[in-house]
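Peer 1: Here are the chains, one letter per residue:
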Amino acid sequence: MKKNALGAAVVVLLLACAAYAAFFIAPTDAKQGVVYRIIFLHVPSAETGLVSFFICFIANVAYVLKRQPKWDWMGIAAAEVGLAFTTVCLITGPIWAKPIWGIWWTWDARLTSTAVLWLLYVAYLMLRTLIEEPERRALLSALFGIFAFIDVPLVFGSIRWWRTQHPQPVIMGGPGSGLDPTMKAVLFFCWAPMLALMILLMHSRYRLEAMRGDLDVVRREAEAA
Amino acid sequence: MKNLNSVFAAYLIAWGVFFIYYVSVARRAAALKDELERLKSSLNQSANRGK
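Sequences listed follow chains A and B, in order.
First residue of the first sequence: 1, per our numbering; consecutive thereafter.
First residue of the second sequence: 1, per our numbering; consecutive thereafter.
Isolated chain A (complex conformation) (with noise of 0.2 Å):
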């Protein structure tokens, strides 16, 4: 518990120097103002975001091949930690595109396929409450969990195959793309925060679910008394 608090205090701490340096670090946008500063919370959200739905994928898999239960638990836990971020990504977004696009949202490649994701892994997690025996609802989920990250490589590369109303990548991406090295030092800055606070979450999560597993073990000595 101790050593959970002093976790979640690091990432505070860790969150606030994040905030500091993307507020009075990184120089001012010459043509988008103040406003473009939702980069370093939109793109460290939306990346770490992949990352844990990389995370779960890894985690559906080995639970296929091996049925051991501790990477059921890593998959449910990654893939709502995932859908936590997403749902900042997709938050964020919409207000940095209003005073920029002058639309909240539109129906583009990145966008949609971004829209997608978050439904496929609120999917993944309904489908776990209609299942009612654990082994059954592992496979199950894990098979869909492998189906939905299909979207996840479609999402990364949408700005890089299609021209889209969203801007085309700043990092990794082509000739003549790129940002100002302090905006970009400061972006790659803010971005450990964020997997620091994922890896927070998820221990959080996995313990919780662990912990349900063995409420289900006690549950079923329990009735068997």
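Hints were generated in silico from the structure; no laboratory data involved.
Glycine is no exception: its CB is placed at the ideal position from the N, C-alpha and C atoms.
Honestly, I wouldn't trust all of these hints.
Claimed, not checked - Just the calculated beta-carbon pair ranges, DEER-fashion:
no. : chain 1 : residue 1 : chain 2 : residue 2 : range
1   : B       : Ala31     : A       : Val170    : 38 to 48 Å
2   : A       : Arg160    : B       : Asp34     : 47 to 57 Å
3   : A       : Trp162    : B       : Glu37     : 48 to 58 Å
4   : B       : Phe19     : A       : Lys70     : 40 to 50 Å
5   : A       : Arg136    : B       : Phe19     : 26 to 36 Å
6   : B       : Leu4      : A       : Trp105    : 18 to 28 Å
7   : B       : Ser41     : A       : Arg136    : 26 to 36 Å
8   : B       : Val23     : A       : Lys184    : 26 to 36 Å
9   : B       : Glu37     : A       : Thr28     : 11 to 21 Å
10  : B       : Glu37     : A       : Gln32     : 27 to 37 Å
11  : A       : Leu6      : B       : Ile20     : 18 to 28 Å
12  : B       : Leu4      : A       : Arg67     : 47 to 57 Å
Go by the hints and put chain B onto chain A.
Peer 2: Same frame as chain A, now just chain B:
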């Protein structure tokens, strides 16, 4: 400083989402822990009665 409100709104909402999620996980964990303790103690009681 045009659109500064949008930047603050984005940060507040994002931190709010993470905070609410963290609290919801902590509350679910606390509820499960209570239930686990309750079940374990009732199992122990019935085992003692059996002796």
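Peer 1: Work down the list of hints and note, for each, if the structure agrees.
Peer 2: Verification of the hints:
1. The hinted range of 38 to 48 Å is satisfied by Ala31(B) and Val170(A), whose Cβ atoms lie roughly 43 Å apart.
2. Between Arg160(A) and Asp34(B), the C-beta spacing of about 49 Å keeps the proposed range 47 to 57 Å intact.
3. Distance hint for Trp162(A) and Glu37(B): a CB-CB separation of about 54 Å, consistent with the stated range 48 to 58 Å.
4. Checking the proposed 40 to 50 Å range against Phe19(B) and Lys70(A) shows it is violated: the Cβ atoms sit about 28 Å from each other.
5. Checked against the hint of 26 to 36 Å, the pair Arg136(A) and Phe19(B) passes, with Cβ atoms roughly 35 Å apart.
6. One distance hint, 18 to 28 Å for the beta-carbon pair Leu4(B) and Trp105(A), holds here, with the actual separation near 22 Å.
7. Separation of Ser41(B) from Arg136(A) is about 31 Å and conforms to the stated range, judged on CB atoms against 26 to 36 Å.
8. For Val23(B) paired with Lys184(A), a C-beta distance near 34 Å keeps the hint of 26 to 36 Å intact.
9. A hinted range of 11 to 21 Å for the beta carbons of Glu37(B) and Thr28(A) is inconsistent with their spacing of about 54 Å.
10. Our hint of 27 to 37 Å for Glu37(B) and Gln32(A) is violated, since their Cβ atoms are close to 54 Å apart.
11. A beta carbon spacing of about 21 Å between Leu6(A) and Ile20(B) agrees with the range 18 to 28 Å that was offered as a hint.
12. Distance hint check for Leu4(B) and Arg67(A): the Cβ-Cβ separation is about 53 Å, which falls inside the suggested range of 47 to 57 Å.
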